[in-house]
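Trainee: Going line by line, the protein sequences match chains V and Z. Read in the numbering used here, the first sequence has 57 at position 57, and its numbers run on one by one without any break. Read in the numbering used here, the second sequence has 461 at position 162, and its numbers run on one by one without any break.
Honestly, the hints are just simulated from the structure, not real lab data. Treat the hints with caution; some may be incorrect.
Quick list of the computed label-pair ranges, beta carbon to beta carbon [said to hold, decoys possible]: (1) V:Glu232 <-> Z:Lys439: 44 to 52 angstroms; (2) V:Leu292 <-> Z:Glu395: 47 to 55 angstroms; (3) V:Asp213 <-> Z:Gly348: 49 to 57 angstroms.
Even for Gly, the Cβ is constructed at its ideal location relative to N, Cα and C.
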Amino acid sequence: MGLELEQVRSEINKLIRRVCTSISPDCLELLKKAREGETEERARNMLEAMMENVALAGEVNKPVCQSPGYPTVYVRFGNSFQIDLPAIFSEALISATKEGYLRPSIVHPLTRANNGDNSGEAVPNFEYEFIPGLDYVEVWISFKGCGAELANAVKVFTTEQLGKNFSGLKRFILDTVLRASGIPCPPIGLGIGIGGQIDVAAKLSRKAISVRDWRDRHPDPLFAALEEELLEKINQLGIGPAGTGGRTTALAVKIGWASTHTAIAPVAVNFHCWVARRGGLRFYPDGRVETLLVGGQGA
Amino acid sequence: MKTVRWEIPLKAEMVRKLEVGDIIYLNGLVYTARDMAHLKMRTIISEGGMLPVNLEGGVLFHAGPVVKKRDEGWEMVVVGPTTSMRMEPFAKLVAEIGVKLIIGKGGMGEYSQQTFVDHGMAYLQAAPGCAVKLAQSVEKVLGVTWPELGMAEAMWAFEVRNFGPFVVAMDAAGRSLYREITETAQKKITDWFPL
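Produce the complete structure using the sequences and hints provided.
Mentor: Okay, structure coming up:
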């Protein structure tokens, strides 16, 4: 028994419904921890409301948040990849929208016309990664909130502007978080892309916070230390959940990096709301399917 | 810090009693509006027309719900706050049509703050991303204005009971929780990483 197209279709339909009605288990665990460590009453109430809302969404099988965000699909594949994933995902999104799992929020960028079913040019966005010899196909879907997107920022640094111990870089990131304050639905996850050119940095920043486990540690000690220091400093700013004060401003800081040209250091900052609606599936040629960071029923 | 439960419509004198940090629950009629509905209101008013809704003493919720069409009317599936800062240019327009409370997330800017002082208005922060919880307080969807703008951008009217809790984050005395938090945090950043 090999992997059947119908099985892929059905698993992806189920994935979308589960991802909309839950948050990923890593985020939920970090929220719980944050509530235990939160000293301000208002902030604790906010965190409790968030967790209650997630539990309720699971019970009544409704979307956790009214905004479906913007869908991005990350695909890792090897030589034998032959599935028409864009068609499967596009159909699955339209049917989930019709069933009330996703608000129809996708519009034409200029006329603002809405097709009413989350269909549209280049939606969902696909990011492909070819890994020679990979014997499975991994697909991730992330519905990333777009209030959070309003606060994103990019800056191309010079070597000098990075500063001693990267103080210039750190200040830019903290200033960006402060300017965002309550806008991106804190507690946030922060994705930072460093290197490449601005488009590369932007993609790295989105991918880092969309796909990585929010509890993991960067394998490179330089970036691990930077992630830890930034997370600690962000949480000392006092912005808090919902932006109305408290210790819990960020749950995670994740850096993605690439080498760059000697003249530049592009840096992109990408905000994720606390509603981490994302999860992945790994399809093996023999028909086995593995779930990755999927919340909700069966998690 | 106090907790109040109010019936809509509201009066400026009541709203002036609210202070930053107070908690509020609402009963009555709430309207949603986001970018497109605000643009539409501006166009109608600038052309000397009448709005199809009466917002005197009213509550405007920066939100786009998920609703389902039923045989008779609509069912509210979920509803939660959207980013209010996008509606900053409309503060005065909203004040002049009689809105007394704005519910949203992330807060608004100095132009809105001044308008709140001038007109006896306040801004309420909802728990972000808590759309299922908020929808539980919606008793009935009364109707929709400008449905052609799409589900998110249309203006929905619905009856709420015990709608909240909302935190008063900007009050009519000119205090903003966001501004106070930002000023303290900016000092910290400058201390850590001086320019």
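Trainee: Against each hint, give a clear statement of whether it holds in the structure.
Mentor: Status of each hint after checking the structure:
no., hint, result
1, V:Glu232 <-> Z:Lys439: 44 to 52 angstroms, "47 angstroms, holds"
2, V:Leu292 <-> Z:Glu395: 47 to 55 angstroms, "52 angstroms, holds"
3, V:Asp213 <-> Z:Gly348: 49 to 57 angstroms, "54 angstroms, holds"
The structure meets every hint from the earlier list without exception.
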